[in-house]
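Full structure from sequences and hints, please.
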Amino acid sequence: MSTANRFTTRLTPNALGALYMTIGTIGYVLNDALVRRATDQGLGVYQSLFLRSVAISVLFAALVVARGEKISLSTVRGPVIVRMAAEISGAALFFGAFVHIDFANAQTILLIVPMAVTLSAALWLGEQVSGRLYATVLAGFVGVVLVVQPATSQFSGWSLVILASAAFLVVREFATRNVRADVSASFVALITAVGLALLTGALSMFAGWGAITGDAMVTLGLAGASLMIGYVFTIQTVRVGDLSASAPFRYIALPGAVVFGFLFFGEIPNLLTILGCAVILVAGVYAVRLERSARPSRV
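For what it's worth, the numbering used here labels the leading residue of the sequence shown as 141, then goes sequentially.
I should point out that these hints are in silico values taken from the structure, not numbers from a laboratory. Just so it is clear, CB atoms sit at the ideal spot from N, CA and C, and this is done for glycine as well. Heads up, a few of these hints could be off.
Simulated restraints, written as ranges between beta carbons of each label pair [said to hold, decoys possible]: (1) G341 to G361: 14 to 20 Å; (2) V216 to A304: 23 to 29 Å; (3) A304 to G341: 20 to 26 Å; (4) I352 to A304: 25 to 31 Å; (5) I221 to V358: 32 to 38 Å; (6) F346 to V205: 29 to 35 Å.
Okay, here's the thing in structure tokens:
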């Protein structure tokens, strides 16, 4: 047995889920940072997404074939189409905007999605939400306002585009709930990657292409690898332990975004941004704890 296997077998399912969530979340944040880095190296943002999406589509197609899964366009309907449309629309808006504002700020605004899903479920699906959870969601939105800073000179209209992308991601979460159980996650990821490649390829024709350099392609290759890590480990998260135990670790994206923002782009957040990050972090973790206390846990 390898050292890695011995280590993971010593962990409880919940601890292993937390580890997988941490690795997967960092993978997603690092992917975003590397895509932006590629734009700093001369590529257009939609050009970068197109090239990355083509590579990811090939990898996911190989994964689907290797698993012996049937590729059928008949499954691309209803919730799958809504999910794909919401995912690629949110991605197009997010990446189009985040090259214009601080990297950490963009990532922080997106963390309102879990709390927005909770509020939406209460308003439109009739799910029971306690007064404390409503207060927690409100605190999360206050945290976003502190990050966006609409009444200061730090405000950028691109922050509102990030919020719009977050709204599409909320739609994605609800559509995902309605995807049939026999439609595999890898197949959904494949058609999403293909859809994003088609959309960003079209957008790149209008936005323009930059010179393709060796450094930029290496950066995109690392971005694709980071995205695959994010995908694999977040999928593994749902297969071990309780989601309520691993969910708080998605907020590792906050310190991760601050660190990557500093290392890659020399960004130093101001006091209001740090305060907003802290509010969102505390509100998010507390919201998960409230939901967890309402149902039994397994060790």
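- Message: Which constraints among the numbered hints does this structure fail? Numbers only, ascending.
- Response: Nothing - there is no hint that the structure violates, so all of them hold.
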